[in-house]
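**Student:** Chains A and Z, in that order, give the protein sequences.
If you want the numbering used here, it's the position in the first sequence, counting the first as 1, plus 22.
If you want the numbering used here, it's the position in the second sequence, counting the first as 1, plus 39.
No lab work stands behind these hints: they were computed from the structure.
Heads up, a few of these hints could be off.
With beta-carbon atoms standing in for the labels, derived distance ranges [said to hold, decoys possible]:
1. Z:Ser207 with A:Leu441: 34 to 44 Å
2. A:Pro407 with Z:Thr77: 55 to 65 Å
3. A:Ile60 with Z:Ser207: 18 to 28 Å
4. A:Ile60 with Z:Ala59: 43 to 53 Å
5. A:His67 with Z:Asp358: 30 to 40 Å
6. Z:Thr77 with A:Arg44: 54 to 64 Å
7. A:His67 with Z:Thr77: 44 to 54 Å
8. A:Pro407 with Z:Ser355: 35 to 45 Å
9. A:Leu442 with Z:Met40: 25 to 35 Å
10. A:Ala106 with Z:Phe268: 57 to 67 Å
11. Z:Glu216 with A:Ala373: 24 to 34 Å
12. A:Gly418 with Z:Ala59: 49 to 59 Å
13. Z:Arg338 with A:Leu392: 23 to 33 Å
Treat the numbers as computed from the prediction; the structure is a model and nothing was measured.
Ideal Cβ placement from N, Cα and C applies to all residues, glycine included.
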Amino acid sequence: MLFSSLEFLILFLPLTLVVALRLRGQPLLRWIALTSVIFYAFAGHWWFIVPMLVTTVVDYWVALVIEQTRAPGRRRALLAVSLAGNLGLLAYFKYAGLLARTVEAGGEALGLPGLLHVTRWFDVILPAGISFYTFQTLSYIIDVWRGAAPAERNFVRFAGFVSFFPHLVAGPLTRHHQLIPQLARIAATGIDPRWRAGILLFCVGLCKKVLLADRLGNLVDPLLAPPMELDTARAWLALGGYALQIYFDFSGYTDMAIGLGRLFGIELPQNFNSPYKATSPSDFWRRWHMTLSAWLRDYLYITLGGNRCSPARRRVNLMVTMILGGLWHGANWTFAAWGTWHGLMLVMHQANAERWERLPVAWQRNLTFLLMTLGWVFFRAETFPQAAHWFAALAGFGAGAGPWTTEATALLALVALGLLIARLAPNSLELPLERLPPLRQAGLAAATATALVLMNYSSKFLYFQF
Amino acid sequence: MRVFSLTLGTLLAVVVAVNALGTWAAARDEARLQAVPTALRPGEVALGYRNVDERRFQRGRLVTIPRPRVVTFGSSRVMQMTGALVGVGPAAFYNLGMSGATVEDYVGLWEILRRQDKIPERAIFSLDPWIFNAEVDQVRWRTLTREIDTFLARRGWRTVDAALGGWSRAKELVSYEVLRDSVRRLRRLFRSRPAARTGSPETLIVPESAVGDRQALRADGSLIYDGAFQRRSPREVQEDAVHWAATDGPGLARFRWNPERLRLLETLWKDMRARGVRITAFLPPYHPATWRVIDGDARQREALDQVRRALAELASRLDVSFADFADPASVPCAADEFFDGQHARPSCLRKLLDRLPATAR
Chain A
23 MLFSSLEFLI
33 LFLPLTLVVA
43 LRLRGQPLLR
53 WIALTSVIFY
63 AFAGHWWFIV
73 PMLVTTVVDY
83 WVALVIEQTR
93 APGRRRALLA
103 VSLAGNLGLL
113 AYFKYAGLLA
123 RTVEAGGEAL
133 GLPGLLHVTR
143 WFDVILPAGI
153 SFYTFQTLSY
163 IIDVWRGAAP
173 AERNFVRFAG
183 FVSFFPHLVA
193 GPLTRHHQLI
203 PQLARIAATG
213 IDPRWRAGIL
223 LFCVGLCKKV
233 LLADRLGNLV
243 DPLLAPPMEL
253 DTARAWLALG
263 GYALQIYFDF
273 SGYTDMAIGL
283 GRLFGIELPQ
293 NFNSPYKATS
303 PSDFWRRWHM
313 TLSAWLRDYL
323 YITLGGNRCS
333 PARRRVNLMV
343 TMILGGLWHG
353 ANWTFAAWGT
363 WHGLMLVMHQ
373 ANAERWERLP
383 VAWQRNLTFL
393 LMTLGWVFFR
403 AETFPQAAHW
413 FAALAGFGAG
423 AGPWTTEATA
433 LLALVALGLL
443 IARLAPNSLE
453 LPLERLPPLR
463 QAGLAAATAT
473 ALVLMNYSSK
483 FLYFQF
Chain Z
40 MRVFSLTLGT
50 LLAVVVAVNA
60 LGTWAAARDE
70 ARLQAVPTAL
80 RPGEVALGYR
90 NVDERRFQRG
100 RLVTIPRPRV
110 VTFGSSRVMQ
120 MTGALVGVGP
130 AAFYNLGMSG
140 ATVEDYVGLW
150 EILRRQDKIP
160 ERAIFSLDPW
170 IFNAEVDQVR
180 WRTLTREIDT
190 FLARRGWRTV
200 DAALGGWSRA
210 KELVSYEVLR
220 DSVRRLRRLF
230 RSRPAARTGS
240 PETLIVPESA
250 VGDRQALRAD
260 GSLIYDGAFQ
270 RRSPREVQED
280 AVHWAATDGP
290 GLARFRWNPE
300 RLRLLETLWK
310 DMRARGVRIT
320 AFLPPYHPAT
330 WRVIDGDARQ
340 REALDQVRRA
350 LAELASRLDV
360 SFADFADPAS
370 VPCAADEFFD
380 GQHARPSCLR
390 KLLDRLPATA
400 R
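Next comes chain Z alone, as it looks inside the complex (with noise of 0.2 Å):
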């Protein structure tokens, strides 16, 4: 037993030692991006927007742009869009999306704008079903802890309990996908050279025409996939597609109705209509294959039955529009137009800005 007992306690030892380490190298990465917001400028991006905490760039940025005209919530999924796609110039849109967000996302990024006096005129929501699943647990949002408490606490609600985001965070130090990360981010630490190292946030901002092949977040909110990734062949996207809902990428397969998720949206929805704001909501497109197993998928189907039906009710109640553009089909975006199972590209949202009702144009 000394024997099992020194080599697991050796190795989960390692492990968090590496992970560790690698929190330590992402929070260097970090701070010297987190410094960025303010010096980004329309036609510049930020590189290595990736593996950061997007909340806190986010909470940077909205203190350093103009007053947005229009501005987007939701997931990866919807930060490919560009004030181009909606139709406005490029400092009169901003892009909220976010990895993993959800709608305590929404609740934290909204109450940065209301507090700068930021209120936008128009805002467009992306809503990704399982953010309706309780059985999904997405812990992002926690750094907009101070934002969404005092959204909940100015109505008199429950504030969020900091203690869990802690565990949430101390879980991550053994962790595989952290593990992986944190063992990349160090052979890049050790490999780069000390000037590189110790880089000043100027030289994470290029212009966009020498982005490269990089990952990059431009002046606007809106995401540039790395060049790998935006040239995967069809047959390795749909395999991916297939995998990723196969594997219940969608998080519908396993789905316990949330209710205290919508209720926030319709808070959060009640306060920025209360204030002017015109709001579009819709449930993005999945890929064709992604979208052909949920289809098929008795359970699936009827979770997004129920996500589309109360979206539907709260819409119409605080007249919000509403469009449902799961099925690929209903905009119609082709296989072609995704990156994956789930991220439209640019030709595929477009469409769908133009298929939204006249009225939230």
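Chain A on its own, in the form it takes in the complex (with noise of 0.2 Å):
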């Protein structure tokens, strides 16, 4: 079920929204973990609730006994329990293909056939938001594990912290001390919805997804489809197209999610800052999926080490955080080298930190939507040839300029409105909707309604297979 779906917003959300306005306590909480359920049922396979009731079950246990004991060494062995669980659940579903695919590659070259028929047994279905809300308990079992949260004692409040819909299958990335609190106070008072910023926001995310996203989507799929046939134009335009499809995709997402909370008087982190509007590498990380860039600091780059080590060392734990902060998005060798250019760029940007301050504002900008949008084609490529080709089109190397078509114009238009959009306009956080002026509430309700009516021909969200 899709949050930009007819079931979902006139079957699932107001059943939901109306039994638990009624509902206080336990009988609440129980509510939103059992509805969270059905809506991830209805995600993709009915299976899928397995393993996240595994992960949930072994956490809530795990995280228990933790708190209870003293001896480090068997703390220790309790925490690695929760991370071989979760690890290996998601090694399993995300990885083991990305294995399977690389073992077949290598039996092949070198002339082992044999081996393909023991991979495909790990080729399997990745459940639908597994990467986000396997990082959410982590996050949840290392902080009890250092004493910086206490475990949480009522199993559905934690259900509910696992599961809660609107952030289960895209995120954001909610950690517990964000959402247990909330959860525990929406129990004890009731839900109060938060309506107004609530239903506006969550409508700025449907028209980002559906007027903008999927526009661009529709355009710039036919260019990058095989044999990817380029001139240079269209390369740098399906560049420009995808970096700006991912952007409205994935933020528009979030707005709804967070749109979502407020309906149910939780207010989920903030996910996007305008991240186009970075001014350096390092800016981009501060804005672009900010609860991932954080998870990503808090408990990988500083256990590494973080800032309080060599230069050198630095960078590598700067790379290594990027590299696994690639793979983190899709078992394929590309997202590596996705991570591996943004390491790169945040390594150069460090290096030379104090040159680039130098340039215009305006320039630094510029630069970094630039660097920053290079690196799209490393995400959005399937293949490294895939890649390659289209980055020699990007140099000039590709086909021969074919005819300008209508497609081509209507793409166009629509980067250069994402782009002002992108660079110009507040944030959907920043925007004033609690207070928004008549003609504006106006134009969001007809593009609302327009997005409704083309609603049933949208894509599924992109970060949907991360």
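Can you join these two chains into the complex? Each is in its own frame, and there are hints to help.
**Tutor:** See below:
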């Protein structure tokens, strides 16, 4: 079930909300957990709920035992149980396929096709959102182990934290201290919905997704379809189009998730802060997928030593963090390349920070946008030859220039519009939704009506696959 | 918030009202068209065969036609097939192709043929790979729920949930595609002369020689596309084919195997074979540009391979002739032998029929 589907908007959401508004205490938490599981069961296969329930039960239990245990060795062993369980599930569902394909390719290269039969067993379907809820429960367990957070004693509340449907499938990656206290509050006092801020933000997200991301995707996908015969102009147009498509798709989803959270009286964390206005690669990562960046910083980069080590070691830490962050996005070596690209950008920016700062701000902003956008080639391409082909076309070594079509004009117009919005318009969370002037309200309503009518033909969210 | 709610409510109410009116207009058009099946004779065509409930039309038609010797099942991709192409006389052939047809449709139509005691000697199935994709939500077959239920109930299977059909219809009230069609239909209704609005079914039936540029359905169930569609330039067709493939028109990019459909097809084929029907099945060819996209995308190729393997295995078990023509080079069909990314022209279909296993012909 997608947020941008009539089943969700007309059946699931009103029913869930109407019942939730009448409940308090444990029944409310049970209702939220139950409806979230139902939502998840409709997100793909019904069995997706099995690994999520395993994670929920194991981590609830492990955290309680860690808190009661004094012996450091036993605490470490318990942490290892949780890490092995969580990362094991993630590795099996997400990376076993990559391993299988890599072994397959290696086997073929070495003339050992017999390996294929073994590796097929590991090629499994990825449960939607597994990367998100695994990272959420990991941070919870690590914080309990560090003594930085108490273990949650209420199982239903913990289950609600893991499965709360607005953030379950594609984030924002919500940490325990951001959600569990809010669940406790609404259980105690009942839900106090922020109707206006919630509904309007949801509509802004819906419009970003259906009116911008999907339209861009419709025009970009044919350009990038195999055999990808791109001339230079189309290569750049496809790149700009994809950079905006993924931004509006993911930030649109986040707006919808935050808007839905507000309807339940819960404020989910911000995930985007106008990333294409960033003035450096470091600034970009403070603005793009902010909850993931913060997670990687707190649980990976700092654990590796962070900034408290030699410059050379710091650079290695940064590269490792970004490569693993890239692989978190998908089980393909192109995602590792995407992470490497960003790692290199961050390292180079750190090494030349002073010189960078001397550039005019407009240059910093435009250069950052260009560098970040070029990185999307690795993200979008499914294979390295495809990425190389695209880069070659960008550099002027592509196919001969084809005739200019109406689709190309439409894409150019959409890219220009998208750029104007991404670079000049305020962030969704900066919009004064609580006191939107009547004319803007009417404009948003018209855009929402258009999005609702077009919605039947919208695609899935790009971040569902991660 | 009041301005927002009022504007949104008003705009959606307008869309729903236009679509409801469009649906009413379509029902009027259709009521006229549904009277056609009994009146249509060989050599004549039915006009206005566009955006109509093809299932209802076929249900009416199957009651009227004599028992055919050869029938074809499939989606719009097989609707160009005529008796002449198959090599039998016009009265001996009937094309059961319908837009967006799935296995449920084949079952429903077969049930009608069986009930009418019009069991053919031979059935040709053109199987679109997407019908085995659980992610593709195609529900047009629900018009034939009654017939499908009868078939399923006879085998003690669970019958179709009618409520889901109602929900799919309700969703169409806020659908862009339906809105576009409704506006077109209402404009035509208001512009047409009063006499034309209340015209009899006979006005929709003309000799095939008089069809001109209009889209029409022949008495043998085969389709004639409108002139503008037939005359599109190779470049237009090529661009359309690439766009269709890249936006997952073939329904293979996000593929989730639907085992129920294969089980239903197996049950259907077993029933047909038990009644002595010879069955030929094939995967129809794509436009070469569409094929390049599918072939170049590992996910789509894998999905197609899965369909291919499953059908080949089923066919060999049930003594059904099966051929895979998804790659147009296997027929071979050139780019100019397609109307778009998936619909082959008669010349391509003729070659395809010639290449079917000899035992099936």
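**Student:** For every hint, state whether the structure bears it out.
**Tutor:** Consistency of the hints with the structure:
Separated by about 38 Å at the C-beta atoms, Z:Ser207 and A:Leu441 satisfy the suggested range of 34 to 44 Å. In this structure the hint that A:Pro407 and Z:Thr77 lie 55 to 65 Å apart at CB holds, the actual value being about 59 Å. At roughly 21 Å, the beta carbons of A:Ile60 and Z:Ser207 sit within the given window of 18 to 28 Å. Taking 43 to 53 Å as the suggested C-beta distance range, the pair A:Ile60 and Z:Ala59 does not conform, at roughly 31 Å.
Look at A:His67 against Z:Asp358: about 34 Å separates their beta carbons, and that is inside 30 to 40 Å. The hint said 54 to 64 Å for the Cβ distance between Z:Thr77 and A:Arg44, and at roughly 57 Å that hint holds. Take A:His67 and Z:Thr77: their Cβ atoms lie about 46 Å apart, and the range 44 to 54 Å holds. A C-beta distance of roughly 37 Å is found between A:Pro407 and Z:Ser355, which places it inside the suggested range of 35 to 45 Å.
The supplied range of 25 to 35 Å is met by A:Leu442 and Z:Met40, whose beta-carbon atoms lie about 27 Å from each other. For the hinted restraint 57 to 67 Å between A:Ala106 and Z:Phe268, the CB-CB distance of approximately 60 Å keeps it satisfied. Between Z:Glu216 and A:Ala373 the CB atoms are about 54 Å apart, so this pair departs from the stated range of 24 to 34 Å. Range check, A:Gly418 to Z:Ala59: Cβ separation about 54 Å, and the 49 to 59 Å hint holds.
Take Z:Arg338 and A:Leu392: their Cβ atoms lie about 30 Å apart, and the range 23 to 33 Å holds.
Checked against the numbered hints above, the structure violates hints 4 and 11; every other hint is satisfied.
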